Amino acid sequence: MSAVNYAETELQDARSRVHLEGHPVHPLPVPERALQYRESILAGIIPHEAELTAGVTITPGQSYGFFTDTSLCIGCKACEVACKEWNNLPADEIGLTGQSYDNTGRLSALTWRHVEFIEQPGRATSMPAFQSHWLMMSDVCKHCANAGCLEACPTGALFRTEFDTVVVQQDVCNGCGYCVPSCPFGVIETNKLDGKAHKCTLCYDRLKGGLEPACAKSCPTNSIQFGPLDDLTRRAEQRVKDLHALGVDNAYLYGTRGGPGATGGIGRLNAFFLLLDRPEAYNLPAAPTLPSTRVRSGLLAGLATMAGLTLAAVAAFAAGRRDR
Amino acid sequence: MPSLGATFGRGAATTAQWDLANADCVTIMGSNMAENHPIAFRFVLEAKARGATVIHADPRFTRTSALADIYAPVRPGSDIAFLGGVINYILERDLWFREYVLNYTNIASIIQPDFQDTEDLDGLFSGWDESKQGYKADSWQYRAETLPSSLENHGILSGESYSEKVGVMISKPVPKDPSLQDPYCVYQIMRRHYARYTPEMVERVTGCPKETFLKVCEALTKNSGREKTGAWCYAVGWTHHTTGVQTIRGAAIIQALLGNIGRPGGGILALRGHSSIQGSTDVPTLYNLLPGYLPQPHARKGFRDLDSYVREESANFGWWHNMSKYIVSLLRAWYGPDTTRGTAGGYGYDWIPKIVGDQSQLPMMLAIQDKLIRGLLVMGQNPVIGGHNTHAIRMSLPNLEWMVVRETFENELASYWYKSPEVHRGELDPHQIQTEIFLLPGSLPGEKEGTFTNTQRLLQWHDKVVEGPADCRSDLWFMYHLGKRLKELYKDSTDPRDAPIQHLTWDYPTAGPNQEPSAEAVLKEINGYTLADGKPVSGYVDLKDDGSTACGVWIYSGVYPEEGKNLARGRTPDPPGKVGSHQGWGYAWPHNRRIMYNRASADPDGKPWSEAKKYLWWDAEHSRWTGYDSPDFELGKAPDYEPDWSKDPQGMEALDGKSPFIMMGDGKSWLFVPAGLKDGPLPTHYEPVESPVANPMYGQQDNPAAKKWPRPENPYHLVSDPRYPYVITTYRLTEHHSGGIPTRMVPSTAELQPEGFAEIPPELAGELGIKTLDWVVLSTARGEIETKALVTERLRPFDVDGKRVYQVGLPWHFGWQGYATGDIANVLTSIVGDPNTTIHEGKAFTGNLRKGRLNGMRP
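Those sequence lines, one after another, are chains A and B. Under numbering that gives the first Met the number 0, the first residue of the first sequence is numbered 0, with each subsequent residue one higher. Under numbering that gives the first Met the number 0, the first residue of the second sequence is numbered 0, with each subsequent residue one higher.
Among the hints, erroneous ones may be present.
[What the hints assert, rightly or not] DEER-style ranges, computed between Cβ atoms: (1) Gly104(A) / Glu487(B): 51 to 59 angstroms; (2) Gly511(B) / Pro89(A): 28 to 36 angstroms; (3) Gly257(A) / Asp800(B): 52 to 60 angstroms.
It is worth saying that the hints were derived from the structure and are not from the lab. All of these numbers come straight from a predicted model, not from anything done at the bench. Even glycine gets a Cβ: it sits at the ideal position worked out from N, Cα and C.
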């Protein structure tokens, strides 16, 4: 009985052996740098930790975001807890809502990741691959390419970071609340405790330190994936193809350029989703619009109305003269 | 886990979580894996991404079911009927992996001619002794063997032990009929036994639609054989029954018949209740085991000394023949270098505490009531929540003279005397309780160093991150300094009963202002060392029974093979492209094996069954086994080795080169268990002790050998008792941890499941006029609780034998302390146990449900 005798030449790529018919497999990668930390000894802070945990080197000037793949979500809420712990957020009101296993209710000033639970009617015994009949989805701020909250902010508290994310600067926010109705997703909210606006920062502080956002790092099934936006989009498109090949015809992306969720001048969502039912089932708008696009049309309508009224007034005066 | 021990040789998960990714089919039954083992479930999803089928069979549609391909609803407590149906399907359609099964299991072995099956005796096996309420197992034995009956052991050996007479008594080659024609060969007995477990019967007993059941059978059998493998995962959804051990046996038989043990992507993953529970049975905290599954000496067994203990408890054939080396090395570690072969029964054998009966948790609580136990030291438990019939427990706690609770928060146990419902109802008066109660602050994991031993037998080291606040101390600190003070207290005593404390070695180095003992020094002792120079041994093969070595836990030996080399610290994953046994990540017992019994991954001649499932194989050129894992076989034993019976072979010499199950006396996996289990050689469907229906399969209603304690404060419901018409099943939620102390006390987890609730199917809710968030009262003869209703289609009624059976689901985490509160579910459960393990039946019992509240009874 002694140590293992690896016959190196005999080693096969076990993962490549198993293939889905006609489809290459995309297993979870073991990041190269993970191999550099061979022991559990604490030796100070690991530089660029995201390289170990997500295979990502975080570089200012690049666009980052989340790809939340609901087909892998098991509703464990580790993301909610990790978010609250890292960001030091207190609990929302504590109480049973009766809405399936959802007791935090919605995204709020104090809850920046929120897992929805949607019980679909019927009692199935045979189901399409991955999630069905009890949908679970971890919702978050979308970090829109064109963000309504940011446009509405009169103080400049809301700004776009060097990672292409949208963050509220707490020392600048004056609590005017204009951002609140300007978010087409109902994400941002002012807090009664300090009167200021709060929402997900996509862990701005962690990104600056080379760390993956807390929710993505804690997700046990890779339902929440963090990375450069282009890379995430490629992965997401491949995932949709793989699911379609498995017969999950209803899988689609919400928030990628040109798709649902990225309508009405929003461009795209830097935090986008793979969904398995209509957006409304997840409390998401099917075709959100940027408020400023509505302002433009509203302005034109207003001008047109004014012009019409002017014409009417002129006509009325003219008629009056005729009458006289 | 005596079931896995009795079938394969070691009572532990045969594989590792990450290997699930290599499976073609993953069956989860008796487990809500996505909720209770979310990190392990990652690998199920990885397998799915490669096209694997995932099956979830469970009474409730859970977060696990939502991610499955097939969800098979099964009435609580009817799992054996389901599994028996699968065995019937495999045998009758001839879908078993013939070459694997004929060579690696006891399918051809011949049993005693006077064996009688449940088919002959309406639900009983031969050997039932009504007066002793136990089996005499002589007729279950291999032909021509005279083995001791398990009756002598009834109520004695009742824990998780792979030494539990597994293969112990075999002393000559077992008679076999490779043609499988002998009516008493295991194959023929199994066919007769499972003949009535037809798909129709499965539907009638379990309530699972026949079509769904057949779909499960097809997926299982299609994904097994040379080219494919399937894995099974179970957890406490199987163990929390009076038939728990036999239920797990059902899966073990299926996996052996399909050739899925010892192979990549196969195996049975016993998902343990919480972190390091595997470690607590390995090291152990169980009353009937010494470290490394050595049996605890029993006062009434008449082992006079070390020699008689070894003679009775070791084995003629197989690896267990080495057991004397492990007990002697343990005694050397405990009682030091000054003892000799002649000291106190042999190296201090007399000083080991002896047991006298079942001293597990359930009867321990009754012993408090009977004032047999006067003091209680509780660490890492919250028995007024996690115990059973907890109203009775709370009423008996005042019988204690003292109680010490070590916790990170004030839990319900420490506060029962002034905050429990019994106090509010006036049943307990704090002024009358004479118990002196101490609450000592404990450290959280980040505040101490040490190892976790997880489900896959894996030791992983963790360092201390921060110092605990104020007086918080680690468990190791507490035990070490308590021992120090006891030694000081008794150092001048001449009373012989104080000798065990006086002689105990207790000299770990300490550091820091609080004199924290070194956990690494403890690990080194656990690993073992040579007494002459104190150097670590390289593994348990170095251990001797001549007194020259010391070892705290023989199965862990090898984790610290050289001075300064702690393999539990290892964090090197296999790079992409390797099969993924991750030899450099932590340390797995035994001998860093990640898949146990891996000799079975090769065919009888030592060649891989297929290229796709290659794992371990015989390298003829170098005359050794090689592959991706540490071989679970003698490295140089050729596949064609045969024992020479004329030379009276002993130990491993007696096992041939085609025997992957080296802990068993015959080297084979036991489909039929001739010795070692107290309730029969084959799994048989019995109803739970409390059931709304009569057993549809046999005259025998429940497990005849189940441990029952019928007392006035622990009554059981009769079959179909109209006062208690519904089935109640209790369980955990992903948001909370067991008794709830680490999660209910923390706002960010408490808000996720902030209150207790009961899940109710809409049909039953409609009958009783209950809506979601209404208050409801649940009651049994033991007590009643109130909670809120959550009406959901995820729970369904079952039609059993023409009768509609409703189930109510009840999470059991809640208590009166912390932010997330609720009534205690285990007020409703009874003290009743599996005959082999004394594990309770919280997963299936009867009770009543009504709309409303308990007036004025809420704290």
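Each hint tested on the structure:
| no. | hint | verdict |
| --- | --- | --- |
| 1 | Gly104(A) / Glu487(B): 51 to 59 angstroms | holds, 57 angstroms |
| 2 | Gly511(B) / Pro89(A): 28 to 36 angstroms | holds, 34 angstroms |
| 3 | Gly257(A) / Asp800(B): 52 to 60 angstroms | holds, 57 angstroms |
Violated hints are absent here; each numbered hint is respected by the structure.
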